[in-house]
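**Student:** So the protein sequences, as listed, match chains W, E, C and U.
Residues 1 to 331 (this note's numbering) make up the first sequence, in order.
Residues 1 to 331 (this note's numbering) make up the second sequence, in order.
Residues 1 to 331 (this note's numbering) make up the third sequence, in order.
Residues 1 to 331 (this note's numbering) make up the fourth sequence, in order.
Just so you know, these hints were derived from the structure itself, not from any lab.
A couple of the hints might just be wrong.
Pairs involving identical chains hold if they fit within one copy or between any two copies, as the list cannot separate such chains.
[Unchecked claim] Keeping only pairs whose Cα atoms sit at most 20 Å apart, straight-line, the calculated SDA-like set for lysine to any residue is: (1) K131 to T255; (2) K131 to D268; (3) K131 to R237; (4) K14 to R279.
Protein chains: 4
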Amino acid sequence: MIDTALFGAGRIGKIHAANLARLPDMRLKYVVDSHAPAARELAAVHGAEACSAEQALDDPAVRAVVIASSTDTHAELILAAAARGKAIFCEKPVDLELERARQCARAVATAGVPCLIGFQRRYDPTFAALKARLAAGEIGAPEMLIVTSRDPGAPPLDYIRRSGGIFKDMLIHDFDICRWILDDEVVSVHASASALSDPAIAAAGDADSTAVTLRTRQGRLCQINTSRRAAYGYDQRFEVLGSRGMLQAGNHRPTEVTAYGERAVAADLPEPFFLERYRQAYAAEMAHFLEVMRDGAAPRTTVEDGVRALELADAATRSWRLGRVVELDQV
Amino acid sequence: MIDTALFGAGRIGKIHAANLARLPDMRLKYVVDSHAPAARELAAVHGAEACSAEQALDDPAVRAVVIASSTDTHAELILAAAARGKAIFCEKPVDLELERARQCARAVATAGVPCLIGFQRRYDPTFAALKARLAAGEIGAPEMLIVTSRDPGAPPLDYIRRSGGIFKDMLIHDFDICRWILDDEVVSVHASASALSDPAIAAAGDADSTAVTLRTRQGRLCQINTSRRAAYGYDQRFEVLGSRGMLQAGNHRPTEVTAYGERAVAADLPEPFFLERYRQAYAAEMAHFLEVMRDGAAPRTTVEDGVRALELADAATRSWRLGRVVELDQV
Amino acid sequence: MIDTALFGAGRIGKIHAANLARLPDMRLKYVVDSHAPAARELAAVHGAEACSAEQALDDPAVRAVVIASSTDTHAELILAAAARGKAIFCEKPVDLELERARQCARAVATAGVPCLIGFQRRYDPTFAALKARLAAGEIGAPEMLIVTSRDPGAPPLDYIRRSGGIFKDMLIHDFDICRWILDDEVVSVHASASALSDPAIAAAGDADSTAVTLRTRQGRLCQINTSRRAAYGYDQRFEVLGSRGMLQAGNHRPTEVTAYGERAVAADLPEPFFLERYRQAYAAEMAHFLEVMRDGAAPRTTVEDGVRALELADAATRSWRLGRVVELDQV
Amino acid sequence: MIDTALFGAGRIGKIHAANLARLPDMRLKYVVDSHAPAARELAAVHGAEACSAEQALDDPAVRAVVIASSTDTHAELILAAAARGKAIFCEKPVDLELERARQCARAVATAGVPCLIGFQRRYDPTFAALKARLAAGEIGAPEMLIVTSRDPGAPPLDYIRRSGGIFKDMLIHDFDICRWILDDEVVSVHASASALSDPAIAAAGDADSTAVTLRTRQGRLCQINTSRRAAYGYDQRFEVLGSRGMLQAGNHRPTEVTAYGERAVAADLPEPFFLERYRQAYAAEMAHFLEVMRDGAAPRTTVEDGVRALELADAATRSWRLGRVVELDQV
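When you get a sec, could you build the whole thing from the sequences and use the hints?
**Tutor:** Now the structure itself:
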């Protein structure tokens with residue numbers, strides 16, 4: 001039984017707690033949240049204890065931490081947990097500052113602990129099946145990747161101001177998809193962006209619509225298009241063109257009802273947002289965290305993946321601001 | 001906390017036990033199975049106790065029973081549980097003999113206990129959404145219902161011989177769908193059937209392919225087509241034609257991957273069989289059982305529904321054997 | 001160059017004339033219509049001559065006739081054309097009276113002329129491709145056929161009264177599909193029907209909704225469901241279950257636009273009615289008529305097919321009226 | 001009756017000739033081709049006369065010319081036809097040299113003749129329906145456009161060497177789609193490209209895969225992805241995200257057959273190539289040419305559109321070669 005401490009009792013923290021509860025070999029021991037009532041409430045649901053960060057980190061019985069607190073606390077918690085030899089699961093991004101994220105990666109390497117970053121899309125049944133079929137050679141060598149990633153609506157301005165910008169907040173997932181699916185590293189980035197849905201977003205120095213092109217070492221091309229506002233829901237698709245065919249990952253729908261009316265044939269909208277769309281993925285990533293700790297499985301989403309995605313987000317932000325292509329210096 | 005006894009530790013018993021375990025207000029106290037090791041194993045998983053039927057039934061703390069044992073035990077357990085005032089959930093069919101099923105219905109009515117029959121399809125998200133939209137008038141008055149219901153492969157001959165025949169074993173679900181969707185009672189049945197996949201099925205006096213037409217009091221028409229063998233998986237669809245449109249309930253797929261190859265555009269096969277297809281439905285029906293007991297909700301699938309579906313299965317069997325239309329004497 | 005006479009300058013006559021005009025080896029010489037202005041107008045479009053039936057039939061230069069006039073004139077024109085040794089294309093049905101249709105078949109056989117019946121669905125690209133793939137063994141042996149055939153709206157009552165009833169007027173096409181797709185003959189028919197859209201249809205002794213089950217010599221089952229009124233357009237689908245899979249023929253749509261709105265994902269309705277849905281089929285059947293005449297190709301839809309479909313329509317009508325299964329005496 | 005001269009008796013010339021033949025008010029008088037037998041053969045099919053370019057241009061009875069000859073002859077023929085006051089239909093591109101294309105545009109303006117450029121996609125039923133629905137406000141203001149445009153296979157190297165490069169040869173259509181759909185002008189272009197399918201293409205100084213981002217005056221973003229080789233056929237899709245929804249234009253398929261096999265559910269591949277995919281579009285654009293001449297309709301695809309698309313192709317080529325964003329100086 002692996003005693004676990006959860007940092008963050010918000011929306012995503014609750015999901016991790018519930019998924020953890022279903023795993024026979026993990027036990028939620030502590031819930032930590034700067035808002036004490038939230039910690040107590042979530043702890044009560046799962047028979048855990050609300051406590052301070054120090055208490056949770058300093059308890060040697062705690063072998064695993066799940067970091068689902070606000071972004072500005074990620075790095076500190078990773079460093080503290082790594083220093084104490086605990087296995088780490090941390091929501092993306094590692095940090096908004098690239099240098100700080102790299103520091104975390106070095107600390108994790110030094111400590112020799114597993115550190116999974118919450119790129120939950122890699123665990124989605126549709127995306128994972130596509131990746132497996134691509135790896136099995138079904139469409140030959142991949143040549144192009146087109147990623148569509150649109151949210152149903154923009155978050156509050158206050159959130160946007162603290163988010164690090166659309167590239168670090170939203171596209172970081174899409175950058176990870178590109179690296180994962182193409183199994184290749186990016187050499188140059190071009191990003192264009194606009195604020196079309198709300199002038200306040202532009203006033204805050206951010207954008208709500210982006211069009212990004214990545215070029216990989218092997219000359220593969222990847223295009224990402226995103227929007228903060230898709231009136232029809234949460235749109236998460238990608239397609240890979242290979243030398244012998246194409247694989248598409250489509251949206252999931254709540255039901256398979258089709259209505260033939262007097263004006264159109266209508267199907268369900270996509271799942272409304274990430275909590276519904278990635279419900280299975282969140283459960284699978286927590287199960288994977290257990291596999292890593294218990295069985296020594298190789299982590300599927302490492303802190304290094306987190307750093308690389310952040311590098312791309314940084315490069316894209318610069319490309320957009322400067323209006324030119326940005327080269328990545330590959331190690 | 002409602003203490004519950006589960007009868008039957010087989011495939012479907014395990015599913016009910018797991019769904020029960022997730023409900024905060026229900027507790028699995030006993031598992032009963034004629035094969036003792038199976039009972040012990042399942043009881044161990046959920047912290048319950050394996051015991052005899054008598055012990056479980058005679059424990060006054062047990063307020064609910066879930067009957068997932070073999071068909072020939074259903075009626076006896078229903079009668080015993082009803083006599084003791086326990087709430088009942090029982091898998092379909094109530095019994096293979098119509099008279100015996102009616103006896104159960106009377107006993108349940110006399111005892112005043114809730115008795116839900118496991119027509120889990122009514123709880124499927126797709127089917128339930130269709131029903132709700134139909135009830136909301138989206139396509140006007142329903143006029144025709146076409147039900148496609150095909151299994152991926154025939155069960156063992158031994159099972160078939162004890163099954164009561166394809167109409168009682170397989171179509172009983174489809175008859176329930178017809179009554180539920182059309183909200184109307186059947187006045188006549190015509191059934192045609194063949195054994196096309198395996199001569200041994202014919203030799204056993206049964207069929208593997210059926211074509212049934214039902215006519216309701218209001219003159220609505222319903223066609224059901226079934227097969228014991230769909231090479232492509234478990235095919236569960238229906239469509240309702242109404243005066244202002246049509247609603248279709250389609251199959252569910254494991255993933256939303258689409259492959260464009262050199263010969264075709266390919267999507268996933270439907271979910272392979274009922275355990276996968278109706279995973280959500282099984283969870284929802286157990287949650288509904290709790291609602292009925294705890295909140296006094298009206299049962300969505302009653303023992304009366306079980307009797308009516310059996311009447312239709314009987315009528316269809318006679319229609320097929322006699323080669324003629326069979327009228328139902330409606331009360 | 002094959003000189004051709006067209007009987008009937010109505011909607012379907014105009015289509016045949018236009019398709020004929022595109023065939024390099026056929027020439028429309030005469031147009032005959034009891035309504036003289038219609039004949040003159042259509043003749044003018046195509047550089048043909050309006051004339052009487054006698055003149056067209058008695059001109060030895062006319063080697064082919066296309067009969068698209070009202071049903072009650074079909075038999076007489078077939079007999080007259082066969083007697084003069086002309087190749088015949090005739091719209092369905094051969095006649096409303098089975099004995100009269102059989103008389104036509106005998107006359108055609110005696111004369112040794114080709115006589116194609118206008119079961120245009122056999123020439124539809126989707127239906128023909130499905131048939132070819134079935135014949136190539138793609139899904140093994142066919143076992144069940146489900147036919148959905150719905151019109152967008154009922155014709156005028158006046159038409160219905162002269163139509164011979166829904167089974168002869170509308171289902172005759174579906175009966176032909178069953179014989180063609182299953183390549184098997186029917187041994188028994190059960191038909192149920194209702195008038196649900198308009199009481200005046202019932203008052204006229206007809207129905208607007210039918211549910212038919214056919215059983216073939218080889219024990220295959222076929223279900224047909226039809227309606228005179230599908231609010232969403234012209235619905236023409238069928239599916240064949242075989243021992244190794246299933247083939248579905250779906251509707252055609254005017255465009256491939258998909259709209260993601262705030263409430264649903266919407267695609268085009270099916271093509272509105274038969275003129276649009278079977279545009280390509282009409283062209284292909286006229287081209288086939290030429291192949292038969294010029295190249296000696298075997299006719300794909302013979303007068304015998306017309307007789308057989310009428311037998312089924314007769315049997316279905318009787319089954320509905322008598323409320324019982326009707327056996328067909330197969331030769 | 002408008003006498004017309006056709007330049008070019010190749011694949012696309014034959015299509016224009018056949019579509020022209022169906023228009024009652026146009027008559028193909030001359031066919032011109034540097035390969036005389038091709039001209040004679042096509043002329044014979046349509047009752048026209050093979051002749052020299054001079055004869056066709058100098059015949060004052062010829063009021064319209066259709067230019068479907070090789071690209072290097074377009075400008076000269078446009079200039080000659082404009083000088084003689086003839087209405088012009090010319091395949092894309094106007095010319096490979098932007099300055100020469102602009103010269104044609106000026107000549108056409110001076111002559112006051114209509115000059116349609118063969119951007120046939122604007123006439124495609126699916127694309128035109130999408131444009132109309134967008135214009136009607138169905139999804140609010142357009143914000144992003146994603147264009148997928150892939151050929152089934154690369155043309156011969158010899159063709160590629162004379163093609164002007166993939167941006168002028170292939171993407172010119174996509175650039176036109178962007179301007180047409182967004183109804184906005186482009187201010188900057190970024191293009192990335194690779195030769196992934198065949199090293200000989202790289203050796204010829206060209207690419208076979210491109211990823212292009214356009215930014216419009218109003219800040220809208222457009223991404224185009226293209227490939228010379230899609231193993232699954234001709235892939236022509238685009239989607240527009242608007243403030244209130246999204247419209248997608250999908251591929252057309254030869255048939256609507258769906259096969260449920262033991263491994264997948266399979267639908268038809270897209271139409272194999274442009275001749276099949278745009279059959280209806282080619283007919284519609286020739287009908288529109290007649291409308292313009294006979295009824296004075298405003299041309300839907302002008303020589304100015306041809307110049308603008310070429311500007312974008314030039315800019316994209318430069319962007320790719322220089323590895324930087326290229327600004328367009330908008331007039």
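**Student:** Any hints from earlier that this structure breaks? Give me their numbers in increasing order, please.
**Tutor:** Violated: none.
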